Amino acid sequence: MVADNLKLDGKLVIITGAGRGLGRAMATRLAGAGADIVAAARTVEQLEETAAEVRRLGRTCLIVPTDVSRSEDVNAMVAAAVKEFGKVDVLINNAGAGEDSFGKTIDKITDDEWRRGIDVNLSSQFYGCRAVIPQMLKQKRGKIINVASGYGLRGGKHNYMYACSKGAVLQLTRSMALTYADYNIQTNGIVPGIFPHNERLMAFFKGGKFIPMGRGGEDADVGPLAIFLSSEASNHINGALIKIDGGGLAGGITPTGVAPQPTT
Amino acid sequence: MALPQGLNDFTLADKAALVIGAEHPAGRIAAATLAEAGARLMVASQEPGTDAQINETVKAAQAAGAKTAPITQIQNATIRADVRATIDKAVKRLGGLDVMVTALDAPYYAPAEAGDDSIFDRVIESNVKSVWMACQEGARAMHQRGGSIVVISSVLAERGVPGASLYCAAKGAVANLVRALALEWAREKIRINLLEAGWMTEEGSPALANDEFAANLLKYLPYKRLVKPEELAGALLYLASPASGFVTGEAIAIDGGLLCRV
Chain A
23 MVADNLKLDG
33 KLVIITGAGR
43 GLGRAMATRL
53 AGAGADIVAA
63 ARTVEQLEET
73 AAEVRRLGRT
83 CLIVPTDVSR
93 SEDVNAMVAA
103 AVKEFGKVDV
113 LINNAGAGED
123 SFGKTIDKIT
133 DDEWRRGIDV
143 NLSSQFYGCR
153 AVIPQMLKQK
163 RGKIINVASG
173 YGLRGGKHNY
183 MYACSKGAVL
193 QLTRSMALTY
203 ADYNIQTNGI
213 VPGIFPHNER
223 LMAFFKGGKF
233 IPMGRGGEDA
243 DVGPLAIFLS
253 SEASNHINGA
263 LIKIDGGGLA
273 GGITPTGVAP
283 QPTT
Chain B
47 MALPQGLNDF
57 TLADKAALVI
67 GAEHPAGRIA
77 AATLAEAGAR
87 LMVASQEPGT
97 DAQINETVKA
107 AQAAGAKTAP
117 ITQIQNATIR
127 ADVRATIDKA
137 VKRLGGLDVM
147 VTALDAPYYA
157 PAEAGDDSIF
167 DRVIESNVKS
177 VWMACQEGAR
187 AMHQRGGSIV
197 VISSVLAERG
207 VPGASLYCAA
217 KGAVANLVRA
227 LALEWAREKI
237 RINLLEAGWM
247 TEEGSPALAN
257 DEFAANLLKY
267 LPYKRLVKPE
277 ELAGALLYLA
287 SPASGFVTGE
297 AIAIDGGLLC
307 RV
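If you read the protein sequences in the order shown, they are chains A and B.
In case it helps, the working numbering puts the first sequence at residues 23 to 286.
In case it helps, the working numbering puts the second sequence at residues 47 to 308.
Don't read these hints as lab results, they were simulated from the structure.
Be careful, since some hints might not be right.
In silico DSBU-like pairs for lysine-lysine, Cα to Cα no more than 30 Å straight-line [as the list claims (entries may be wrong)]:
#, chain 1, residue 1, chain 2, residue 2
1, B, 113, A, 162
2, A, 160, B, 265
3, A, 228, A, 130
4, A, 109, B, 274
5, B, 113, A, 29
None of the values given here were measured: they were computed from a predicted structure.
For reference, chain B alone in the conformation it holds in the complex:
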């Protein structure tokens, strides 16, 4: 589907795009948005056992006007061989890689005293190592030709949340990873930016399962409601496309203004 005249900067016509973590709502929206903007698409999972959700994402991309059926890959995003195979497959089947979106996320909420070393490894691996490896391998495919990487993360990257110390640490690590990679790759025409989602509906967040927390949170949010996944679409397309050609190392929050609060 072509974008209307006057919005040419936002087009991804014939660009090769990969979404990793496509089983998540944010990944599904990313896939549909990139497809609508004209990209040829591959979608890969964060974890195995997610075929059903990946199929939903494929359907969403096709409904959004994907010209060809998205290529799918079930992988474990914390295993190097899987990530490398995913990138290699994208490059081979799509003829390169212009845009990569990571929607890698594994929420973890628990008091600090509750965590043992296995929890530390699991949270950091699923939230940080996965992004690190995707960026390393993705950028390898983008050297020479340039490209745009969008890392979908959370407002937890910017503020502390009680009972979420490790998860906050992981998101903070990803945010500063993006800034450093942006500087390292700026002259190679690889742009990398962060999209920080506010508290979202449908994310299955265990945090919102606490009724008292959820009720108080809703009153606290500037819009008095949670973010819908589809509200990420505009910023995602802005960052993925040439529209943001002079932007790198930046973070855009989709949070209704939450980060402005004292």
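Chain A on its own, in the form it takes in the complex:
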């Protein structure tokens, strides 16, 4: 039955970027559905707040300070999870950055900014997949969820590192999905559309008025999708890149909210 399959009782989920935003929202919603959490991010104070919310829901939360752009940190994160819980049911590669680079002209982007962005958004997810696969092969089961972006599917003006790294995340997801389908390991992607996390982004996206549903995404919108993709209810879904975007990516060749003149 589908309700039993959706439950996450006793599952162990690692979430990177769990200190705020989508990562924290997913951590608390997954805990609400029964999962124990390994919360990873650079800033311990923020992880403490996430952990407090998870524990309030009666679940266990292990904090692992992690810089996802360093592979040794990511390896240590997975090792800490296995040591504490003896397994990893789900890895959510969520940490990312670079939204503050939107709008910067190409001649102003330094080598360091480019490399740093690719490391944090793309290499981090590769490191996560690579670190967790041996354990999941041992378990003969597992799920990996990579958080990408609508900018991985479409271009953006003055949007280079972010669009490139997120597009590559989609490809990482597809190749992982095909490679490990035979081993009962599913790899899927969450593709958020416009989620304006601060006032600057809210202004940049004009309050979301050009999004078909008329608003930007809120962190809580992603919780149920994270539950579904972490659960047994999605066992035959693999390599899916599921958009959560208020309809934006279904269109894109006309401005939002205006229809062409009806044909007579």
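Guided by the hints, dock chain B onto chain A, whose structure is given.
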């Protein structure tokens, strides 16, 4: 049946739900899933002469915990008057319409040269016109209050298959129909999404009757097996329920990763 705490977003408690094409395996799973999530249910056929299969679907819904017996309607989903009567009956008997699932499908496999105009009309009518009319009439019932429509289709919507040109065209048409309707209805709080099934067991697909094709296909599939109808349940509930409240115009494939292949 109530869903456990923490899964509240997936509940359809007391929602009015209609499944069209309920004689098909995907329709039967849809009916059982919506019933389990608490919906009050009506099931309608794609074609006449399907009473026995519809009864199986009713039994499945009741076994899944339907609080009241599903209302049944035998109809021809390509006839406007039938579709309209079905929607009207759903609205009247269920007190509105919050969720509509279409499981409308009529597989057709043949070389392109074999098809005449009557085949074109039949394939397009049964696979596209049926969905178009169900969406038109269903959305009419959802205006003012909003709702969620899930169109069950196939991975054939996304790729070409030799010997299935017309069927692929029909499924592709449905996929883009869903995208356009999603944009048109987004501000009216009507969400519409696509669920794309991979090659399924039990679908009675004539394609799989070709042993050479079936044997090669099995080796080709990422999971080395066909999709079971019940494996559609999770994605169906996700798309039908408030869990996907910020999702419209999207397609979720249940294919084990098949669409990732080169």
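Verification of the hints:
no.	hint	result
1	B/113 x A/162	violated (39 Å)
2	A/160 x B/265	holds (24 Å)
3	A/228 x A/130	holds (24 Å)
4	A/109 x B/274	holds (28 Å)
5	B/113 x A/29	holds (22 Å)
The earlier numbered hint that this structure contradicts is number 1, and it is the only one.
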